[in-house]
Every structure is written in structure tokens, then in C-alpha cells.
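Undergrad: Using the sequences and the hints, build the whole thing.
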Amino acid sequence: MSPEHPIYLEDKLEEIRGSGRLGYRSKSLPTWCPGCGYYSMTEGVTWALNEIGLRNEDVVIVSGIGCASRFPFFMETYGFHTLHGRTLPVATGIKVANDKLTVVVVGGDGDGFAIGGGHIPHVARRNVDITYLLFDNGIYGLTKGQVSPTSAIGFTTSTSPFENHDQPLNPLMMLLSYGASWVGQAYAGQPGHLAEMIRAAIKHRGFSYLHILSPCVTFDKTDRTYRNLDFSVRNLPEDHDHSNRLAAIREATKVDRPAVGLYYVENRPTLSDTLDEVMIRAGGKPAEQAGAG
Amino acid sequence: MHHVIIGNGVAGSHAASVLRERDPGSQITIISAGALLFYNRYDLPDLFRGRCDWVDYLVYPPAFYEENKIKLRRKSLVTEVDTNKRTLTLAHREVVTYDQLLVATGGVAYVPERLLDSIPLMHGFNNFRVAMAMREALPDGGVVIMLGGDALGLDLARTLIETNYKVVVVAGDRTFWPHELTQETRSSYLQALEKMHLDVVDGKQVDRVEQSNGTGPARRVVFDDGSDLTGDVVLPFYGLAPSVDFMSHAGIDIERGVLVNPQLQTTRDDIWAAGDVCQIWSPEHNTYRFYYGWKNVKTMGDVAARNMTGDDVTFTTAVDEILQLKPDGTIYSPFWEYD
Amino acid sequence: MTSIHTDVQIGICGSAGDGTIAVGDILKRAMARAGYRVIAFDEYPAEIRGFGKCVARTRITTEQVYSMKPKTDVLVSLNDAHAIPHAEEVRDFGAVIYDSAPITMIDEGWHISGHLNPGQLPYGLPMREISEQATGSSRSRNIVALGFVAGLYQLPRQAFIDAIAAKFQTKAAEVTQSNVAAFNAGYDNGAEIYRFDKVEVGPPARRTRVHDSTMMTGNAAVVRGCLDAGIETFFGYPITPATSIMERLAVEMPKHGARLLQTEDEISAISATVGAGFAGARAATATSGPGFALMSEMMGLGVMAEVPAVVFVSQRGGPSTGMPTKTEQADLNIAVFGGHGDAKRIVLAPTNVEGCWRCAGRAFEMAEAYQTPVVVLLDLYLSNRYETVVFPNKNPFVRDAWKRPTQDNANEPYRRFELTADGISPRAVPGDPHGIHTATGLEHNEFGRPNDLSAMHFQMTEKRHEKLNAALKHPGITIYKRFGDTGEVDVGLLAWGSTFGETLEAMLLARAEGIRCAAMKVVMLSPLPVKPIKRFLKDCKEVIVPELNYEGQFANLVSGAVGRDVIRFNRVTGKPMAVNEILDTIRSAAGKRKLRKSAA
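Protein chains in written order, with the numbering used here: chain A, 1 to 293; chain B, 1 to 339; chain C, 1 to 600.
FYI, nobody ran anything at the bench for these hints, they're computed from the structure. A portion of the hints provided could be inaccurate.
[To be verified] Where chain C lies over chain B, by a calculated footprint (3+ residues, C-beta under 8 Å):
hint : stretch
1    : 34-43
2    : 70-76
3    : 93-103
4    : 241-247
[Said to hold, decoys possible] Label pairs and their in silico Cβ distance ranges:
hint : chain 1 : residue 1 : chain 2 : residue 2 : range
5    : A       : ALA282    : C       : LYS592    : 51 to 61 Å
6    : A       : LEU13     : C       : GLY341    : 40 to 50 Å
7    : C       : PRO413    : A       : GLN146    : 48 to 58 Å
Quantities reported herein were computed from a predicted structural model and do not represent experimental measurements. We treat Cβ as the ideally placed atom computed from N, Cα and C, and that holds for glycine.
TA: Structure, rendered in C-alpha cells:
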């Protein structure tokens, strides 16, 4: 994906400084490995927040454990760096406490689909209005390279020295079948598209799940590399009907040629809507919420 | 071996103790229609001396039953006996099986048929509850009308007189029951009652008992000649009728009471009877006879229990004379004594 | 009027289908309406459906009492097969009431009248027949039995009729009418019976106005405390015996504009609670031992990130699934110590129903004020037992009890975890433009940035511990209290949780026997009020710690803190402590003391 025109650093810096995106970056410098896909994600999140025009204090980034865990520290927003696998229920609590907040959850494949896998269906079915940016590099990076639930069969890691023999999960299919109301996929090697997808995910009212394919540049030199991904990643067919869940699932089955784009979207009541409905049915009225004001 | 005793009076309770002593390993159940443990009915006139807590009348403390492993089933009325299956049916529809049965149900106050309608207006004195109710209905110094005036009634009467109540005895055939009198002795006994400061109405038949009008005493006894008599309470003391109804289909011989031989065994060899409920064959009188009074009844319990546990003893009465005229002209009965 | 000091315990036993708990409920509510003090504890079957055994026990007194009596005065059997094993609970000269005209034949030995001790008084009542006569159906035999009890002891009829009407207010009017008819039929029957038992019920001591005094369970009091404290979010997962907290909140919270969510597990429940606490809401969850074990890790995050959260833990028999419908006090260790790292938290253990309300309300204040998870430790006995509670007219609980950032140094970067003299930092929540920060489970500096330098870890650990000391002086809650003799005593009792009720009763009985003794309840288990406990122990020649666990978890806690061993009195029967057993222990401790004295 080489750019058609050369990009000069000074021009780029000027553009970034002028854009206002840096207002969402904290003074802490990221600690990820050079070349890591999280840079694209950080870039995408700041761009999206800036594009949408959210106030810093109205955004909460929730992370768990893994390479994503430090993500909130690099953002000039509220952040909660929580426990391994517990990002989604914590984010649910934040959203239930205060609807006005924009809650973005960041996490990796181990945090989301291994230890935290039990929470995903429930966040999806309740349609909690949060955005889940799942960074899938198919490996445990922070603990220096162990097999993950999305590692390919045959992948050799420090804890699968004789090759991984477990079928990898298909997160997109899972989310589609769990009833997530917004499901999309992006690739860290396409930062522009990734940023657009992040913006769309955040803007979606309801639970949005963005699956972000990325290499682990440090612990995976063979399998999910930029080279391999550049080769295999495709766009969703132009005629893909993102209101058709079955069509989305069909696309999600094509794991050898992962497609980026919006798989599925629907509008339905969010958890907040449901809880407000409960209040009305109980004869109460929605109260002034926590932290507001 | 399961010994079942129906009745929780002197005969039944004493029999249970003797059974336990002679057959330590057996199961003993006393089935009683009443709510209380065995208590001394003979003492009930003491209610008028301020002894009003039923606990004070208990012959045995609750622990006695536990220590002697005697199961006492109270508020359990036997409605039927099946002598072939050896089962009893209780009013609450439970069936109890027995190996040996002792019937010691005693008797209830006999009321002549013409007065049956008046029963709700009469008091009783044959258990703690009704005795207590009678006491509560009787104002201080009030008038007690005793219809009949059997030996049990006269025992109560002497206490009432001592405690400043007025007692009127309406005499008739069953006055002094079960003591049998001739025409001459009867008049001397009636005189004795007056010596004991009882009022006596004789020669009149009671027709009915009524609620009296107005502010005076609560009851009116109307005689068949239309005359009447008012009092605060009216009690029938016409003697006892054995409680045998539940045995009527049991296939054992019953006359008025359950007929037993001098060993107190009924016509079935696994069923005995003792106390006021049984009529004992008296070879001497060549008839079946009732014997009353604490001592006789207790002896019957003893005899039955012994024979139920392999002995072969016969009942002989300790006290056969029911009433005596004392030198001072008053009446006395050895039945009024107990140990 | 002669004043009989009323102290009657009535047990009603039947199967789940007999309406046992329902009539127990009417009984306790009626007596509370009539102005008596009531304490009640129902036993439910562990089985979900069918004919499992229920026992509703109600103790009715003139003055407030603290526990159930070991012996019941009156037992009503609605199902003899279930009630037979409970007949022995009835005291001598107490009463047993049963159906004297069952519809079917009974096998030998299966009627309760055959199982009474000689000292107990039987009352046979044709409940079914009376119900059929009064209502045309046998369904109301439980109400007939209740009416009989009320008539037998001349309890105030109208209070029962009112309680029945209240119970069935949501049903058709005929339902109330028919139940009142059944009650009256039973009442008239009972009123006519000559009583041989020695059970006396006197008039209530003073007319307590109905609206002043409320009858409720510990869990209901927790709910009321939550609502009075302005709870905003609740996340929970069903678990006996805590579920009824969530069930009641689910009804009440939406009325007050508050939100409740049943989560997919306890991990999610505590996570969402901590999330909501982070976002500034008054948030709580409720669970029992097994669920609390799952919450341990998140409790640690709450401590580390200094997030307010309230966790109600109602203990049951354990470990593992253990005895879900039986009571125990074996989760003190996990409540106080559970979790990894130096994760000190506040633990409150109320001793009675009123305390459940107070601890619940104050727990929200404390969580906010000291920025920490607060555990309110109940047990099944306390959760489910009913007491009459008199609430103050004014809601005492303080809202917004936390220290916020001042605008003085708005230009300086915000220090979420500022090291202050009392260890409490100004807390900002999302939405506040001046308080932007990231909270983290990593050790961090004052700004919340990850930092694992030795000095920083020490300072922050110290801060997290020492800030909790302020809770020992938190206003409006009694965290310990001494009862009984003042000054030096021969025997001192130290107790916590529901067991304090039995302990106090036993202590009062021992005093009546002439033993010099005192009892102290400890409500705050962490931080432990060590100084007052030490002062109390100094006064006591012997110290007994009665509790419902095997090793003596509270005894260990106290011994460790004060450096003195105590007499452990432990029971793990699944049932509340028996007053007479504590009393025996007091006697023997006092006796031992005397022996030693005479030997010296």
C-alpha cells in the first residue's frame, strides 16, 4: 500500500497540528513496538473523536490487559485501565451510570475472546451503546508471544512449541450471531480506512464491534505479517448488503481472504433505551445522571 | 409387643405402670380422648378451694411418661376396633395396630333420655375442663342443683357446702348411685343429706332445664307437675354410663359395659377391660357386676396388666360397700378416698 | 390491666404448597400492626418446586428482643410429615395445633398427635372442614389455622383482618373476603377452646403507631437503605440468599429513576458496579459467598483505582455450593481479606434488621467519602428474618459525600491520586473537564500514570490503607457498642453479625443469674476498631467469641489484632446460634473463673 505521492514529515505534522487531533492525545508517549498496528488505531481514534467533535471530558476509553491496556494513558480523555477480560462489563457500568459519555473499549484477541469471551454476547444482545475496538493480532504480545484464541492452526509460539492445534475462533461470525447491531472489520495496514471505520463505529447508536486485523511485528514473523495481510485482505464486495445478517455471516466465513468494511448494521433500542422504558413502565422518570453537571 | 390402652384414667394409667414394670421391653401406648396427662379427678372439688391450675392435679409429671417410655396419645378418640386385624381407628383417620388391648375408657355421666335436650344448659364435673367451666359459672354463695345425686355428686356436694355454696339435690331412683338402697334405708339416707346441710327435693320428676329469665339465678329446673326450682348451675348426677360405643362392632360381648371374666379378659383373649367400663363376672353373685371407686379401679388395672403379661390373677374387690351412714348421721363413702 | 410481658414464639410448619410462609407473613405483620415487637425467621426448602418443607417462626414480644428462642411456644402443623420433626421444638406446656380431620387415611405414626412430648398440649382442629364451610374451598385451611391461633390467644382480630386485606390488596375483593371469612371461622373456633397450655399473650406495651414501625427482613432493610441513600445503579446476579435484594430493587429503583441490570455473572456484576462507581454513580451489587469469591479480583481493582462500590454479601453455608438455604458466618475471612495484594477495604456487618438499613445507607457514604469498595456482610438468617423496625422521620443519609477537585489550581495538571494528609484525594468523574485522568489497576503516581518505583508503591499503599481510618469515626453509625455490666466483668462476649442477637440475649440471661458480664458488638470488621476492643477485653477476665463458623474467623481477627486469645464458641449447624448454648458457655467460663479464684 505505498502512497502514490511522497508524504513529507513537515507537511504531515502541520496538517496534524492544525487538525485539532492532538487535543485528544495525552503527553505520554506510546510504548508499543515500532510498526505496531496500535499506532494506526490511536491515530484513528483521535481522528474520529476530532471529526465527531466530542469533548474530551465526555469520552471514556476503557482497556483491559494486553498491549491495548496502556491505550487510555495516551489519550487526553477519561480512561479506565481495568482487569484482564473485564472491559465490557466495566464499560457497561460506566454507560449505565452516565448515558452522556462516549465509551470506547479497546482490547486484544486474548482479552476479548479468551478470558473475557463470556461477556461479549451479553453486551451485544443488550445493545449497550459502546464501541468495542478489538485489535486482533492472533497472539499474546504483552506477555511476549503465546498462542491466542485467534491464532492459526500450526502457529508455533512459546506455549505452543509443537504448533497450535486448536481451531481459531471466527470473531466476526460470533458477533454477528450474538446480535451485535454494528459489525465491521478494518486492517491496521490501511490507517485511513481504519479511521473511517472507527468514526462510523463510534457514531453508531448501539453496540458497535470493529474487528481490527493487525500483525504483531515482534512475536509473529511468519503468519500474520503486514506482507501476508496486505496480500490477503480484500474489501467487502461493493454490493454487500449490510442490513442482511446472513450475507454478513457468509462474508465472515471467508477467513482466508478477510474483507474489510461494514458487515452489518441495524438500529434497535440500546440498553439505555430499555432501562428508560423500564422506568416509565414502573411509573418513575429518568433521573439526572451521575457526574452530569 | 405393643400394649395399647384406651383410656387415661386410674385403671389405664395404673395398668401402664404395671405393664412397664413387668415387660420392660414392650411398647406401651395410652390413647386418651382428653388433652391432659393422667390427673386426679377425685380431687376436682378442690377447684372450690382455690386449686385451679390443672398442673396441680397431675398424678405423674410429664417426665414420668418419658422415663417409663409410655407413649400417651391425647386428643385421640378411638372410633373403631378391628379385632381381626388388631387395629384401632382414631378420629383423625390414623390406624394404630396393637398386640394386646386394654379397654379402660371409664364412663360418662348418664343423662335420662327425657333430659337430652337440656344437656346444653347443664354443667358437668367429670373432667377438668367442664368442672372449671362449672366453677366459673357459679357465683360466690350460689345455688347448685344436683339432679339425681350419685356418690360422685355427693362428694362434690360436701365440698360445696363447706365452701359456702347452697346445694339442692333433686332426689330420684339414681340418688346415691351406685349404692343400692331399700325403701327404709333410702329415707334415712335422705335425712342424712339434710344433716349435711343439703336441700333435698324428693318425689318429683324433672321435666326439663331452662334458662331462667331476668336477673336471678341462670337456670330453672321445671318439674313435671309444673313447679320449678332456680339455681345458678344444674348438674346431672345420675351415675355413669360405660363408654363402649366404639366397641359395638368389635365382636366382643357387651351388656351395659364390656363383659370380662374375673381375670378381666373379654371374650377375645387379646383384649382386656378394666375400670368403670367393664362388668366383671362375679361367681358369687352369678352375674356381671360393676365395681367403682379409686381402689377397685386401680386393682382392676393391676389385675389386667398382670394377666396381660402372663400372670393368672383374679379380681377381688377391696371395697364393696359404697356409702355408709356415720354415727353423726352424715354419709361417708370409702370411694372418696384414694392413694 | 395486668401487664403480661409478652414473649411468644409461634412456628408454622407445612409444605411449600400449604401457604405456610404466607400465613407466617400475615401473623408477623398483624402483630407488628397491633404494636408488638416482632422478629421472625422463615425456613425454606432448597428444592425449587414441589412439597418441600417450610417453617415460619415468629417471636412476638412487648419489648425489642434480639434473637429467636430455642424453644417454640406454639407450633401449627399444616403438614404433619414435615412438622413431626419440629414437634420437639415446642416447650413444655406449649401448644401444638394440627388438622384433626385430614381428608385421607393416615398411616400409623404419620399424625403429629402421636409425636407430642407429654408436656405439650395438643389442639386438634378440623382445619380443612372449617375452611370448606367458611369459604367453600379447602384452600384456606392455613388461614383457618392462623385464625384459630389468634382466637386461642385472643390476639387483636382487626389487626389480622387488616393484614389479610393488605396481603391480598392486589387481588380481587372476593379473595380478601374469603380469607377474612376463613380467618374469622378459625378465630371463633379458637376463642371457644378451653386452653390448657401455659402460653400467655398480654397487650402491647405502648401503642406504636402503625406507620412508625415497619416489619421487614434484613434484605428489605438493605433495599430501603439503598433507596434512602439514593442508589443510582445496581448490577447483580441471582444467588441465594441475596437475590431478594435485587428482586426488590428491580421493582423500586426504576420508580426513583435509578437503573438495575441483571448481569451474566458476578464478575460482570462487580465490574459494572466498579465501572458505574468510576463514572460517579452510587453503585452496588449483592451476592453470597460463591459469587463474592468471583468478585475478588475486581475488588482489588476497586481498591487500587480508588473507586467507590458497595457490595452486599449475604453468607450461607459453605464452602462451594455448600448449604444455600442454611445460615453461616464463614465468609468473614474473604470479606476482610479476600483478594490479592494489600487490598484493605471497609467491611460492615450489621447485627439486626435496623442495622442492615443503616449499614447499607452509610456504606454508600463511606464508599464515596473514602473512595473504596465497601462490603456489607450479612448472613442468610439476617437477610431473611423479619423484625419490626422504627425508622427516623428524616432520611439521615448524605448524598455527594466526596471531596471534589477545587478550581483553585485549575491550570495545574489534575492529581487524581494526590497524596494528602488524610490520604483522601479530590475525586473527579467523567464529564468534568478539569478532572481528566485515567484510573488504573497498575501502581501509579499522583496523576494516575503507571509508576512502580519503590517509594511510590510504599506511599500509595500507605495512602490506601490509612485513608480508611477515617471510617472508624464516620458519623451516624455505631461501629461497636458495649452492653451489660460496666467496668470489670467476669465474662465478656464479643460478637458480630446476626449472632450478636443471641449473644446479647445470653448475656442478659447470665446477668440475671448473677454473673458479671458484658457483651460488645463489632459492626465494622475492617478497619477493625482495635482500641475499643482492647479496652473492652481489658475489662474481661474471660472472653467468649460465639460465631457460626468452624475455626473462629472473628476470634482469629480479634486475637491477631489485640494479641490475646479468647474462648471460641463455634457452631456450624446451618442454624442460628442457640441462646442456651452460649449461656452454658458463659456459665462454664464464669465457673472456671470462680474455681481459679478459690484455688488461689
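Undergrad: Given as covered by chain C, does the stretch 241-247 of chain B meet the bar of three residues or more with CB within less than 8 Å?
TA: Violated, because only 0 residues of the stretch 241-247 of chain B bring their Cβ atoms closer than 8 Å to Cβ atoms of chain C.
Undergrad: At the C-beta level, are PRO413 (chain C) and GLN146 (chain A) separated by a distance inside 48 to 58 Å?
TA: Given about 37 Å between the Cβ atoms, the range is violated.
Undergrad: Has the stretch 70-76 of chain B got at least three residues whose CB is nearer than 8 Å to a CB belonging to chain C?
TA: holds (count 6)
Undergrad: Please check whether LEU13 (chain A) and GLY341 (chain C) have a Cβ separation lying inside 40 to 50 Å.
TA: Hint holds: Cβ distance 43 Å, inside 40 to 50 Å.
Undergrad: Is the coverage entry for the stretch 93-103 of chain B by chain C consistent with the three-residue Cβ rule at 8 Å?
TA: holds (count 5)
Undergrad: Using the C-beta atoms of ALA282 (chain A) and LYS592 (chain C), is the stated range 51 to 61 Å upheld?
TA: Check passed, 59 Å falls within 51 to 61 Å.
Undergrad: Counting residues of the stretch 34-43 of chain B with a beta carbon closer than 8 Å to any beta carbon of chain C, are there 3 or more?
TA: Per the Cβ count (3), the hint holds.
Taken one by one, the earlier hints fail for this structure at numbers 4, 7, listed in ascending order.
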